[in-house]
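**Q** Each chain, letter by letter, is given below.
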Amino acid sequence: MNAEAKPLPFPQRQYAGTSVLRERGQREVFCGLTGIVWLHRKFQDAFFLIVGSRTCAHLMQSAAGVMIFAEPRFGTAILTDRDLSGMADPNDELDRVCATILERRPEISTLFLVGSCPSEVIKLDLSRAAIRLTERYSPQVRVLSYSGSGIETTFTQGEDNALNALVPWMPDTDERQLIVVGCVADIVEGQLRSCFERLGIGPVHFLPGASARQLPGVGPNTQLLAAQPFNGTTIRALCARGAHLITAPYPFGAEGTTAWLAAAATEWDVSTERFASVTQPLAARARLALAKHKTLLAGKRVFFMPDSQLEIPLARFLKREMGMELVEIGTPYLDRKMVSSELPLLPPDVVISEGQHVEKQLDRVRAAQPDLTVCGLGLANPLEGEGLATKWSIELVFTPVHGYEQAADLAELFARPLVRRSRLNV
Amino acid sequence: MQLTIWNYEGPPHIGAMRIATSMEGVHYVLHAPQGDTYADLLFTMIERQYRRPPVSYTTFQARDLGGDTAELVKNAVAEAFERFKPEAMLVGESCTAELIQDQAGTLAESMNLPTTVVPLELPAYTKKENWGAAETFYQLVRALLAPVIPTPPVARGPVPSDRRPRVNLLGPSLLGFRCQDDIVEISRLLDQLGVDVNVVAPLGASPADLRRIPDADFNVDLYPEVSRTVSAWLERSFGMPRTTAIPMGVNGTRRFLAEVATLAGLDPSRVEACEAAGFMPRDPTRSRLPRYSRSVDSTYLTGKRVFVFGDATHAIAAATVAQEELGFQVVGLGTYSREFARETRAAAEQLGVPALITDDYLEVERAIAAAAPELVLGTQMERHIAKRLGVPCAVISSPLHVQDVPARYSPVYGFEGANVLFDSWVHPLLMGLEEHLLQMFRGDFEFNDAAPPSHLGVATAPQPIEAAQVVVAPGQPTWTAEAEKELRKIPFFVRTKARRNTEHFAVERGVANITVETLYDAKAHFGR
Ligand code: SF4
Ligand code: SF4
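Residue numbers (numbering that gives the first Met the number 0), protein chains in the order written: chain B, 0 to 425; chain L, 0 to 527.
Simulated from the structure, these hints should not be mistaken for lab results. Small disclaimer: the values here were computed from a predicted structure and weren't measured. Any given hint might turn out to be false.
Claimed, not checked - Keeping only pairs whose Cα atoms sit at most 30 Å apart, straight-line, the calculated DSSO-like set for lysine-lysine is:
1) 496/L - 293/B
2) 488/L - 291/B
3) 293/B - 488/L
4) 318/B - 359/B
Take these sequences, add in the hints, and give me the full structure.
**A** As C-alpha cells, then:
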C-alpha cells in the first residue's frame, strides 16, 4: 500500500491528553498470577509453578474454578514455616519440588517459576534459581522466572511478564516478518492468519503460540503488532532486540480490526485494492452482525471499573461502533505508549481514571446510575443488588473477542445483561 | 514447600472472612495486597450474595514496602470505620502482611476507636481456613463477652420451670455446607420439642446478638469445625454445656434430640412424640427415609461400596448414615480436618475401615481408586476425582461449587435432611433394573457400561459425532473438510447449534457445499 492511500478510517488528531483521575486506595483487581489460567492452556509444553502461599493456590483455584478436569499444567509450591524460619533452605526445597514436577510430567520442556508476594517479600531470588535449574535440566527443559505477584502486577500484567521472560530465548533473525503479540483464542489466530495470508503479509508469528519452546526469531526486520494492550514490557523488550512496533488501534470491532490490519498492510505495501478486496466483505459482514446489537446499545451509558487493561480499547469500540456513552473508563494503569492510537479516538472530554479507590469509585457509579457497569465478579452481584446492570469483565478476557468474526460476539457480551433484564419478569 | 494444585481449605483469613461476611454489623480490615481481593467472589458468586463482603483491603504494593505500610493500615481502619460504622471490627493480616510484621491488629487497637476492635493473629503458614473461622469466631465472642464473664464457680442450675429451655445454634456460616437450610430445619425440630432458639451465630447474628449468648441454657455445636473452640470456652467460662451429637440422618437426629432433651431437663419420651419416623411413619411430613430404604426396590442398594471424604463432621455422620440407614458398605472414610483426626479415626475403626487424614487430593484420589467404590460421598474435589474414575458422586461437605448451593430447600440435618440425603445419594446410581440390563447386554452401542445412567438425561452423555459417521441426507448440503475442521474449533456446547444453523442457512440459499465462508455467513446471519 503506498503512503498516500493509507486506509486509516480515523481522524489523525493528536491526542491532547485528557485529564486522568489518579486514585489510590483499595483495589479490587486480581494479581498477575491469574494470567496462568489462560497461559497454561495456550502453551502445551510448559508448566507454571507458583512459589507462594496457600492464598496464591486458593486464588488460582477460585479463579480457574476446579472445572479444569485434566490435571492442569500449573501448581503452587506453598511456603511453610520451615522455609520461613530457615529450618529448610528454600532453594533446596524448590529444587526438590521442580524435580517432582519434571519427573511426573516428562513432556514439559519449559518450566516457569512464578514469583508471588510472599516469595518477593522474603527475597527468594527466582531468577537465580531459574539459571541454576536450567543448567541442571538443559537441554530437555528450560526454566524461566517472572513475577505474578500482587505487589508488582495486576491481572493481565502476568501475561506480559511471562512473555517478557521468553524474549531472551528468541533467536536472532534478519528475516522480514510480523509477530502478533498477546494471547488470542486459537480460532482468532486461525482467522487472522488467513487474513494476513490473503493480504500477502508474512511470515506471521504469534506470541504466545502453542509452544513456549519453539519461539519465533526477532531482529531489525521484525514488525510487531499488539493484539492486547497489556504487553508493554514485552513489546519494549522486543524493540530492544531491534523490532519495530506498528502502532494501531486494537482489533476489537469491525473498525478496530480494519485499522489494525491496515497498519500492518501499510508496512507491507499492500495495494489499496487488495486490502479492500480482502477486508471489505469481512468488515461488511461484521457490521451486519453488529447492527442488531447497536439498536440495543446505542445511547446507553457504560462505566468501566479497572480490571484487565482492555477498558480503553473496548470503550472506544462501544463508543464509536455501538454509539454508547462513556461515563468513566477505569484502568489499573495507563500505559500511554500501548494505547497511543486509541486515546485520540475517544471523545476529548472522556473521564479516564487510573488506579483505584474502590469505595469512592462505587460512589461515582451510584451517583451516575449507568445503564451498564463493567466490573469484576466480586462487585457484579452487589451492584445488581443495588439495581444496576453489570457485565463481569473477566469474560472479556476468557472469550474470543478479537477480529471481524467475533465483533458481534463482543457486542453481544455487553448486550446480554440488558437483554436478560428486559426478559426477566420475576 | 508443599506442592499442591487443588486445596480443600483456603488460608486462615478466608475463615475470618466467612465469619465477618456471615454476620451483620461486623467489618474486617485485612492488611493484604490487591490480588487477595479475589476472595470476595467466593461469596458473591458461590453463595450468590448480593452484598459485598464487609472487608476492606489495605492493598499495599511493592513500592510501599520500603515506606510506611503501617500508615496504610491506620488509614484503612479509619476510613472503614468512618464509612461503615461497624459495631465490631476485626483487624488482621493475610500471608504477605504477616511477613512484613506491621502488627495490624495492635495498630488498630491503639487508635482507640469507639467500637470493639478485635485484633486477629491467624498464622498463614501453619493454619488453614476452618481453623481461622473457629479462631475468629472465638476471638470475637470472647472480646464481646469479656466484661460479663462470671466469677467461678460457673456451674448452672437446672432450667427454670417458668420458661421453655433456650439454646444457641453455633457454627453455621457462609460457604459452610447447607447451613442456611439446616438451621431452619433444626429450629423447627427444637420448637416441636419445646426448646427455643436464643441466638444463631455467626450466620445472621450481630455483635449485639453475640452479647446475648449467655442467656441460653446451653449450646448446640452444630458445625464443630467452626464452633468447637468457642463452645468449649463458653463451657469453661460460663458453665454452658454443649451438645456432641450431629443431627444427620434419622438416627443422628434422634440421638441429637435425645441429647438436647436431657440437657434441657425435658422428659426424653417427648422425642418419640416429636418424631414419627418409624417403619411405617404416621406423619408423612417426617422422614421418608426408613420407608424408602426398606422398600423392595431399594434392595439393589444393599452393600454398595461407598467412599466418604469431607470435613470431619459431615464425613463421619455421612458414613454412619450410609452404613446404617441405606445399607451401603463403607469402604473408606477420611477428612481434611486434621483438628478432628482423632474423632475420624475412632469412627473409621467402628466401621472397620482405614481412616484417611490428609489434605492432599492426589492421596485421596489414590485411596479412592484403590478402594474401588461404587459411589463417592465427598466435596467438590471428590466430584472431579470421581468423574475421572468414572464413579458416581454426591457432595456432602465444603468446599463447595456453585451447584452445591441449590435453590430449593435442601437441608442435610434433621428428618427432612435425611430425605435429602436419600435422594441425593441414590440419584447418581444406576437404577436396579437398568443395572441388570447393562450386565446382560454389554455390547449394545448406545447402552453400554460407559454410558451414564439414563435417568440422568443427556447432559453428560453425548459422545462427539465424528464427521465420518454423519450420514448426509439427500438434498442436504455437504461440509468441506476445512469447514468441518473450523466447526470443531467452536466450543462443543454450541457446536450442534452452529451446525444446524449453518445447514439451514445453506439450504435456504441453495448452497450445496458448506465452506468456512458459509459457516461465518450463517453465523453473522443468525447472530445470537
Ligand atoms: S468459576 Fe464458577 S463455573 Fe467455574 S468452577 Fe467455579 S463456580 Fe464453577
Ligand atoms: S496478591 Fe500476592 S499473595 Fe495474594 S494471591 Fe496474588 S501473589 Fe498471592
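**Q** Hint by hint, work out which the structure violates, then give me just those numbers in ascending order.
**A** Result: no hint breaks.
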